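J.: Given the sequences, and given the hints that come with them, work out the whole structure.
One-letter residues, chain by chain:
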Amino acid sequence: GAGVSQSPSNKVTEKGKDVELRCDPISGHTALYWYRQSLGQGLEFLIYFQGNSAPDKSGLPSDRFSAERTGGSVSTLTIQRTQQEDSAVYLCASSLAGRGEQFFGPGTRLTVL
Amino acid sequence: AQSVAQPEDQVNVAEGNPLTVKCTYSVSGNPYLFWYVQYPNRGLQFLLKYITGDNLVKGSYGFEAEFNKSQTSFHLKKPSALVSDSALYFCAVRDMNNNAGNMLTFGGGTRLMVKP
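Line by line, the protein sequences are chains A and B. To convert, count from 1 in the first sequence and add 33; that's this note's numbering. To convert, count from 1 in the second sequence and add 24; that's this note's numbering.
In short, the hints are calculated from the structure, not lab data. Note that the structure is predicted; figures quoted are calculated from it, not measured. Glycine is no exception: its CB is placed at the ideal position from the N, C-alpha and C atoms. Hints may be right or wrong, so weigh each one.
As the list claims (entries may be wrong) - Examples of chain B residues toward chain A, derived with CB under 8 Å:
hint	residue
1	F58
2	F70
3	F114
4	G133
T.: What follows is the structure, encoded as structure tokens:
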């Protein structure tokens with residue numbers, strides 16, 4: 034079956050612009066996660082959605098970051114007024130319920146000039 | 025709080041030799057433990073997990089890992105390395121007793137280099 038997909042695969046933007054990153058989880062997976070992978074910080078948790086519950090936003094680094102999940106499926110991570118330190122690979126993962134292994138998408142490489 | 029340590033940035037091994045990639049963890053409750061592999065320009069691929077039961081867990085591509093509660097370790101092993109195993113390996117933990125902590129905490133990663 035289809036795995037987790039993310040778009041775009043690469044995004045280059047100018048400092049100060051807003052960007053939207055999209056994640057399509059595996060069908061039937063109720064849990065969705067966003068992580069960020071950067072050279073200096075390794076893999077960091079950003080946000081977690083489980084069903085209709087309020088998302089766990091504890092990993093978002095600033096209020097410029099937000100995410101939503103529509104209809105319990107597709108998720109969009111939005112970064113407003115991008116900064117150079119936002120440059121990283123943004124990974125999305127999904128899992129059954131909240132306790133199974135997480136399956137990762139290929140990531141979106143964001144470069145802020 | 026939960027944390028993972030992968031003490032080796034890189035492990036070098038000759039093809040055909042056994043390999044070990046080390047991981048130690050810290051959680052307040054009981055751990056869920058995972059190993060993932062990342063090939064260049066790819067996302068993370070799930071290798072194996074420990075939830076409960078046998079301490080020796082077998083996973084994909086001939087990899088296995090041994091859960092050692094007293095040493096809080098979950099080292100990844102393979103009896104005979106292949107050149108194609110060269111990649112970046114991540115150990116991750118989640119505290120199964122923490123209902124609010126559903127995110128994975130990852131180690132810093134270990135680059136495995138298998139030379140022919």
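J.: Please go over all the hints and tell whether each is borne out by the structure.
T.: Hint check results:
For F58/B, the shortest C-beta to C-beta distance to chain A is roughly 6 Å, which falls under 8 Å, so the interface hint holds. At a threshold of 8 Å, the smallest CB-CB gap from F70/B to chain A is about 5 Å, leaving the interface hint in force. Below 8 Å, beta-carbon pairs count as interface contacts, and F114/B has one with chain A at about 7 Å; its hint therefore holds. For the restraint placing G133/B at the interface with chain A, the shortest Cβ-Cβ distance is roughly 7 Å, inside the 8 Å limit, so the hint holds.
When held up to the earlier numbered hints, the structure conflicts with none and fits them all.
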